[in-house]
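Q: Residue strings, one per chain:
Number of protein chains: 2
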Amino acid sequence: MKSVEAIIEEAILAGKTTISEFDSKKILEAYGISITHEILTDDLAEAEAAAEQIGYPVVMKVCAADVAHKTEQGLLEPGIKNAAELKHAYNNLTTKARELGGRILIQEMVKGPRELVMGLTRDDQFGPCVMFGLGGIFTEALGDVSFRVAPLTEQDAQEMCCEINGHKILEGVRGHEAVRMDLLSQYLKNLGQIGLDHPAVREIDINPLIVRDGQPVAVDALIVLTEPKPKKSEAKLATGGLEKFFEPQSVAVIGASQTPHKAGNDVIQNILANEFAGKLFLVNPRGGEILGHKVYKSIQDLPESVDLAVIILPAAATPEAIRNCAAKGAKAIVLAAGGFAEVDDKGERLQEETLKAIRDSGVRAIGPNTSGHTSTPHNFTSSFFPLGKVPKGDVSYIAQTGNFATHTMRYIMSWEHYGVARVLGLGNKLDVEESEVLEYYAQDPKTKAIFIYLESFKKPRRFLEVARKVTQSKPVILLKGGATAEGASAAVAHTAALASNDRIIEGALRQAGVVRIYTYSHLFLAAKAISAMPLPKGNRISFLAPSGAILVCLTDLCHHRLGLSVPDVEEKTRQYLQDISPPYIRMRNPVDIWPAATATGVEFAYREGTEAVLKDDNIDAVVMILMLTEETGVPSMDFIVELAERYPEKPLYVTFSGQKKYMDAAKEYLEPRGVPTFPLIEQPFEVLSILARCRKAMDR
Amino acid sequence: MKSVEAIIEEAILAGKTTISEFDSKKILEAYGISITHEILTDDLAEAEAAAEQIGYPVVMKVCAADVAHKTEQGLLEPGIKNAAELKHAYNNLTTKARELGGRILIQEMVKGPRELVMGLTRDDQFGPCVMFGLGGIFTEALGDVSFRVAPLTEQDAQEMCCEINGHKILEGVRGHEAVRMDLLSQYLKNLGQIGLDHPAVREIDINPLIVRDGQPVAVDALIVLTEPKPKKSEAKLATGGLEKFFEPQSVAVIGASQTPHKAGNDVIQNILANEFAGKLFLVNPRGGEILGHKVYKSIQDLPESVDLAVIILPAAATPEAIRNCAAKGAKAIVLAAGGFAEVDDKGERLQEETLKAIRDSGVRAIGPNTSGHTSTPHNFTSSFFPLGKVPKGDVSYIAQTGNFATHTMRYIMSWEHYGVARVLGLGNKLDVEESEVLEYYAQDPKTKAIFIYLESFKKPRRFLEVARKVTQSKPVILLKGGATAEGASAAVAHTAALASNDRIIEGALRQAGVVRIYTYSHLFLAAKAISAMPLPKGNRISFLAPSGAILVCLTDLCHHRLGLSVPDVEEKTRQYLQDISPPYIRMRNPVDIWPAATATGVEFAYREGTEAVLKDDNIDAVVMILMLTEETGVPSMDFIVELAERYPEKPLYVTFSGQKKYMDAAKEYLEPRGVPTFPLIEQPFEVLSILARCRKAMDR
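So the protein sequences, as listed, match chains A and B.
Taking the numbering used here, the leading residue of the first sequence gets 1, the next gets one more, and so forth.
Taking the numbering used here, the leading residue of the second sequence gets 1, the next gets one more, and so forth.
Be aware that a few hints might be false.
Stated by the list, open to error - Below, simulated SDA-like cross-link-like pairs (lysine to any residue); rule was C-alpha separation at most 25 Å, straight line:
id: 1; chain 1: A; residue 1: 262; chain 2: A; residue 2: 275
id: 2; chain 1: A; residue 1: 96; chain 2: B; residue 2: 177
id: 3; chain 1: A; residue 1: 446; chain 2: A; residue 2: 379
id: 4; chain 1: A; residue 1: 81; chain 2: B; residue 2: 682
id: 5; chain 1: A; residue 1: 660; chain 2: B; residue 2: 111
id: 6; chain 1: B; residue 1: 111; chain 2: B; residue 2: 88
id: 7; chain 1: A; residue 1: 81; chain 2: B; residue 2: 56
id: 8; chain 1: B; residue 1: 70; chain 2: A; residue 2: 212
Hint data in this document are derived by calculation from the structure and do not stem from the laboratory.
With the hints as constraints, model all of the structure from the sequences given.
A: Here you go:
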């Protein structure tokens, strides 16, 4: 038998772009994937002999390289039951086979109503990716497929099978045996391996993969070849040294300004407001003094070397400034200016020059076009957006946008009562990119959870590799901007046609344990929750509400939209809830607390009810929905703080109904004391849904 | 040929619960649905003759009543190509046929990879409902089906076909002809008609319905019979007369109380606070005076007849009070007390007595267990929850919950700056129910839009009938509490197994043009928007944001999650946006407004940019995302009010980024002046998505 290498090489030498079905299947077989019993033949006698050997009924196909979609082209005769039918079919196909330079393939007939699809595609970003889904006529119509980046673990393979909408057909349905999941997993992992082993393989389609007696069999297959791309031999940039950004001992601001509201002034104000304890040097050709600090006329004039330089100069002046700073010993540089590749061709050229300056001088650089970075454990920020003192906390951000570290940060500081550890605006990512920052946050003792906004991956496979590790110990939550649904429109293979950027990212992120979110506001709502409270241990929620529609609607929301469960509480809990309530109401989870509140007082009922479910082993997190109106009574909020302190292992969130002024007052009291609140009743549940997914990723 | 009636009658007389395939198909054929060519036979000779007549290949099946799922039971031999195979198959099946009391059916073989399913089920609430979806092995595994309530219009039938996820397979895929949509629609409508014509038909399954050359053919079919239920001859309740609730000239409070914070006191406070202009009488056995009003000792003592009585007495005293009020001329009664069927068996009996009292006296009643009703055009409320003066507006509510008209209303009054026309809490719906209130709101000139929270439908078909009419002129937005996904677990037919309560409600509401929402908070967020501004004419949105991630994330949200489009603006608009912006940025929709704001001032840029897109014919609604921080400048908000006034035909909403205090100040300024604002950037888009669906329903 020819080796896989030989088959591929032969096809390439013959100038083929696809490998014939027969040879494609030989490659699959070599990788442990079951294929149909089949024989290539050159004349009718051989075909008859082959059919006898295989056993009727058989299928006859034209087998040639560069042939796809045989059914549509009439290159296939199914269900041949005997020699007479075989002869008839042979007469139909032989001319076509000759025209296409192919041969006649006799193949056993595999029956089964379950047609699956598997494939491999070589994604521009993530490299070889494996696909699984419903096959046959449904492949494109339903698009019910999932992707993973190769190599796949056993768990990746199993998860991608369970992820499709139609996963139930893998079970024993309608008298058919359950599909052998071990084989499906094995095939998927091995498909990935083909992609890793053979750079010339661009796409693989197995469609249909028919299930016979529980065993999946590749009935048709197509391998598409590609000219392997030479690896870009990019000049190596330095790595490491991010601690100089986050823990600088001395900092120079290049382009310091006297003028209030200019970036070169705001950055100094921010550094002073954050009480940076290291040395601060300012540089401006005019010299003089700014905000009580001496101004040096040039970088060369600086009296000593600096760890970090913040360059706030026009784009054109940036490359030279980098070289000068490096000469002065700076290892880390923040490039604030815009006007680079994001703008025009001239900017693109400037960006190239900047990159060269970075490379030549061996510094690390953030930006250009970054909104700066913040490191509260070190009392430092390089932001030139007026921020003031950034509150300390244990959530860290990576943001490929200027929005977050600027006006969204101002919103958080003005209303959301939580602090941050590190924030880094990536800008144009000329040097420092997300995976390296993620790695830094992973080992950072000050960072408890990581939130990311990304529009593109600079080193996609590296990002996944890092994320896969960090998500085992810290939650990583990512909002991907610029989601597109389009696949490659003119693709030959099904896999490629279905391989939209977004589907592959979806699979890759799941594989890495990164929790994807879709709502910008969750970047701060979930962060606030995670900042104040532990992650829930699971997805089992209890909540207390002032009756009726709120209980019903939120239970619907948890079950049908958020993947949260609202389980029965333990009998002793139920009994206690009943004891504090009037007899006419039958208590359960979720907790209809108002009858008890009416009977025993608002504070007593909410306190006792909340404590009962906080103690309950069936419950992972609790939400209190307080009704606050003058007439029904506004309790003092300290009992909630006490409960949160007494049960530190379970998240307790608060939301409201009633008059806005009391809600705001409760928020102002509770949040600084560690209890997060949410203005709309759905929000704490949306947040819990995100955090329960984080926990699941950590438990993988 | 036997008539449809004869077939059904015969099966019932024979004690069968299902009709045989052959007879089921005869019924379908009589209703214009294409079936397979097929012949029932009694011996091999007849079978051979039948196969010759039909033409090989044929299928042989055991045909008997009370037989479902033939494939799984081995009662089917497909692909018989000649007499020899026929004989073989006959030998296989004939014994089984005899055992089942059936005959041998010879049937043409219909080939085609597209297997659909159609069915009819008799829903407890909505009566005969028609199903459509993907059939064969995928029926239950994918559950990709849609439902409509019979009778179906042509539009209903077309919409339910387009609604399934796999609707693309109806198009010409992979060399197969597009499915004849006219036939699909025809079949679906006629299936519904069978259900309406024949009460004995409980379920119909057509599975598979195979597509041959574009034409759908019923290949297998099953009709399940039922004992028709005798129609409940419920004693007729009065109808009409709702104007006495909403426009009473005189009102009596039965159970008026001296004691503050008791329901019988709060209701009087509310009536006075709302400046009710009619006559108000109070009744309490103790007599005296309450809040300056004389108290009569009994209903009989009232000096004159009253339009409306609000009875706030314990449940047990309610029936007698109804009779007394009716004797005094009251036509409309609000029953505030709880403690009826919602509580226990005793309450259930009391509810029966109350119903009898209502029936006997011919009054109309809201409740019991209602939170009351409000009618601001008439300055009246019967609410006993402390509300104070309810602001006037043009949105009306129907709520099957005490939450809405009480603490949610307080929240709205304390923060959301919009008013209501009518609000009615349905309570236990003993008499007045949702469809009648909906009908009243439909003709109410004070009501512009209708919001509904429902947990059950009292008269489901009546509700749909009314809704179908009103949604052509007014938006109707409904939140259904208590959504369950479970279908009938032990159903024989596929249709019944897939007919979950929620799927049927989903179909019914779409059919009626009612826009379903899933988020409680949207009951007020969407109402605020609709209250201040017109409905958008379509789903084409423009928005202005302070750059970057916000533009990207919100465009993603609009396209992928909300069904909104963010189209190109007209060239003249684009050019104008470019003119007010620095040259380095290329302007388009959505509008990146901050470069212009930096160059020309925040107010100028937002005003000019917003006006440009408001004028644009490609745009149906505009959202301004204002960045508000001290340092970047907080513009005066009056220009926004002016824009809203100058372009009254297009919705203009505002949301924010930046410091909370400026957001709140902007809200306090803008909302009372008719411009709705939203604290989170996603919210105006969520609302526009709902309103665009309302518009689409109105344009049906």
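Q: Take the hints in turn and mark each one as holding or not.
A: Against the structure, the hints come out as follows:
1. A:262 to A:275: holds (20 Å)
2. A:96 to B:177: holds (24 Å)
3. A:446 to A:379: Roughly 13 Å between the alpha carbons, so the hint for residue 446 of chain A and residue 379 of chain A holds.
4. A:81 to B:682: violated (62 Å)
5. A:660 to B:111: violated (65 Å)
6. B:111 to B:88: holds (22 Å)
7. A:81 to B:56: Holds. Residue 81 of chain A to residue 56 of chain B sits at ~14 Å (cutoff 25 Å).
8. B:70 to A:212: It holds: about 20 Å lies between the C-alpha atoms, which stays within 25 Å.
When the structure is compared with the earlier hints, violations turn up for hints 4 and 5 and for no others.
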